[in-house]
Amino acid sequence: MAHALHIVVCAGIVPDPLQTLEPITGLTGPGLKNEMVLPAVLDPWAACALYEAAALATKNPGSKVWLVSLGPKAKLQAVMMTVAQKVNFELVPIDGPIGGFHDAHATAAALADAIAAIPGLDRDRLLLFGGWESATRGAGVTLQLVGERFGISDQFQGVDEIELRDDGSFEVLERVEGGKHQVSICAGTPAVLGWATGNLAEPRNNPQVGMANMRTIMPALQKAKSASIPANGLHYVSVALPKQQRTTKVVKDLTPEEIAHELVAWIGAE
Amino acid sequence: MEYILALTHVDDTGAALTRASLEVVTAAIDLANQLEASLTIGIVGVDATSAANFLASTGARLLVVSGEPFAQPRYATDAAACEALCRAACATIVIAPASARFARVAAGVAHRLDGYIDTHIAAVVAADTIEATRWFYRQRIEAVLTRDARPWFLLLDAGTHAAFSGHSASTQIEEVAVHLPTLRTTVTGLREPRHDQQTIRPDAKLLLVAGAGWTKKQPDGQTHATEAGDLILGFLHATGASLGSSKSLVDQGGDGNSVLPFLTHLNQIGQTGATPRHAKGLSTCCHGEEPHVVGWRFVADRRAISLDPNCGWTRGKADVVYVADAFQVMSKVNALLEANDA
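Residue numbers (my numbering), protein chains in the order written: chain A, 1 to 270; chain B, 1 to 342.
In short, the hints are calculated from the structure, not lab data. Backbone N, C-alpha and C define an ideal beta-carbon position, used for all residues, glycine too. Treat the hints loosely; a few may be bogus.
Said to hold, decoys possible - With a cut-off of at most 25 Å between alpha-carbon atoms, the simulated BS3-like pairs for lysine-lysine come out as follows:
no. : chain 1 : residue 1 : chain 2 : residue 2
1   : B       : K280      : A       : K243
2   : B       : K217      : B       : K332
3   : A       : K225      : A       : K64
4   : B       : K205      : A       : K180
5   : B       : K216      : A       : K252
6   : B       : K205      : A       : K249
7   : B       : K217      : A       : K252
8   : A       : K249      : B       : K332
9   : A       : K252      : B       : K332
10  : A       : K249      : B       : K280
11  : A       : K73       : A       : K223
12  : B       : K280      : A       : K180
13  : A       : K252      : B       : K280
Claimed, not checked - Some residues of chain B that are not near chain A, with every Cβ distance over 12 Å (derived):
no. : residue
14  : T13
15  : T77
16  : A162
Make a model of the complete structure from these sequences and hints.
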């Protein structure tokens, strides 16, 4: 028996991983040099959460997926041009600052306010999805804080799989230490799931899905409310690139056997 | 005056602290000494009292939450236990391990106490204020931060401190009562590869990383995924190394290409994977570009085997790069290791 789910995916936008990042300190604190012009993508683990949400919604007719994202409107619009072609969702944009140096608690408050204001959202059927850690702050706390704000005490992090059962309960696989998964059974929604990679490949771009999504995305972006992200007493003493640059020895003239001897000696050395 | 709480939990045995918890005890003792602050240690577990006796020599106040509901890691029970311990300790600074168990709940607990949290902390020092070091943008930018607000939760990454070493003795332990909510989640166990197929070994000295080159066409125009798999597993068996992988190699499985069947997303190292701490790392068939290398931030001694003399590893990211065919080199390495073993 299918269960109609209301799945809210929280996903930030992050600099493309191939970009060179250089920290700078401005009037409002640290940031990235040329941050606004760096190409951006949807946060990788949050993107996995979005694909898993869409797959779950497809399997359960009547379900709906919302994508809640905080960032400057122009950056959000640029990223959505690609993301919108992947799966069906309704965008809930929040116009706010970008970057990993902002306080997670303030970010969580802005996300929770936006989610609470979603028309028609049934919190009893809510699955709150997101990446378990972002590629910016990488703290792994924002989703948890949003969940707490909604009083949800069934939370799972590092999720790689969810299997919904006929009675509305579901099995969750969470990553734990040593390459293992912890298996849990939850009685049902509401719940928070911070996704790791999951099991789905990235969906191919589908222009039809993109066109359908963009009909709601553009008006939503125009109406996006702005949010301020207070520092909450967070101060940065220093922000810097790591100084360690290795002097690489490039070995081109050894036979495989000679290299093997060198490596075995290296492996055995303390 | 700061009140420091080291928040810890037991391991799979249920009666001893995890190594990461013992590292937290070391860090908390150091910080308490620097600040001349009082130290409390809180323990969560099915038999936390046994674990507490091991901490007798710390001289700290010992608080425990024990019982069957805390035998398994679970948000509702662990959050309630940690909240109770924090309240009992009146903590202003809470230091806890960034283990799967506490990373799942610590932010929620901080919220319940009107506190704040920072995670993946690599170092904590007390200067004029308490300063914590952590990485941003997947280990690409390092920052030192501080907070005025209290309570302040700091989740310490494993491998950043020495584990506390004490001797078990009878000591005064305070049991803390916990009010549990209605439980809707049941932990049914762990799912893990068979022992001989487990390739992720966090405690290994050596990390072997396999890149997508292992399943690419070789000079004979064919792919040799089976041979690649045998070479990699042979090396892991001989050395006890942990296996990491680039995302591209793991993703090939989803695209219907030749794959190494023992690789999963859990093996991923880098931008979308783990950042493990090992003394040495050997990269094979991986081009060493930034999204991969950010996962090597905490690998001290790095070597790479690559056919490309201009690969990313040669640009100051590895200590030694061998320009060679990894199939040939690893075959010889395995033969040597086997001979040495015999």
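Hey, B:K205 versus A:K249, does the alpha-carbon distance stay inside 25 Å?
holds, 22 Å
Given hint B:K332 paired with A:K249 - CA-CA distance at most 25 Å:
holds, 21 Å
Compute the least Cβ-Cβ separation between B:T13 and chain A, then decide whether it is above 12 Å.
holds, 14 Å
With the threshold set at 25 Å, check whether the alpha-carbon distance from B:K280 to A:K243 stays at or below it.
Cα-Cα ~20 Å, so holds.
Verify the proposed pairing of B:K217 with B:K332, using a straight-line Cα cut of 25 Å.
holds, 20 Å
B:A162 and chain A, when compared Cβ to Cβ, separated by more than 12 Å:
holds, 18 Å
Against chain A, does B:T77 hold up as non-interface, every C-beta pair farther apart than 12 Å?
violated, 9 Å
Measure nothing beyond the straight line between the CA atoms of B:K280 and A:K180; if it is 25 Å or shorter, mark the hint as holding.
Distance of about 23 Å is within 25 Å: holds.
Within a Cα-Cα threshold of 25 Å, do A:K249 and B:K280 meet the stated pairing?
holds, 16 Å
Holds or violated: A:K225 and A:K64, Cα atoms, limit 25 Å.
Judged against 25 Å, a Cα distance of about 22 Å means the pair holds.
Taking only the CA atoms, is the gap from B:K217 to A:K252 under or equal to 25 Å?
Since the Cα atoms of B:K217 and A:K252 sit roughly 22 Å apart, the hinted pair holds (cutoff 25 Å).
A:K73 paired with A:K223 [C-alpha distance capped at 25 Å]
Measuring from Cα to Cα gives roughly 10 Å; hence the hint holds.
In terms of the numbered hints stated before, the structure departs from hint 15 and from no other.
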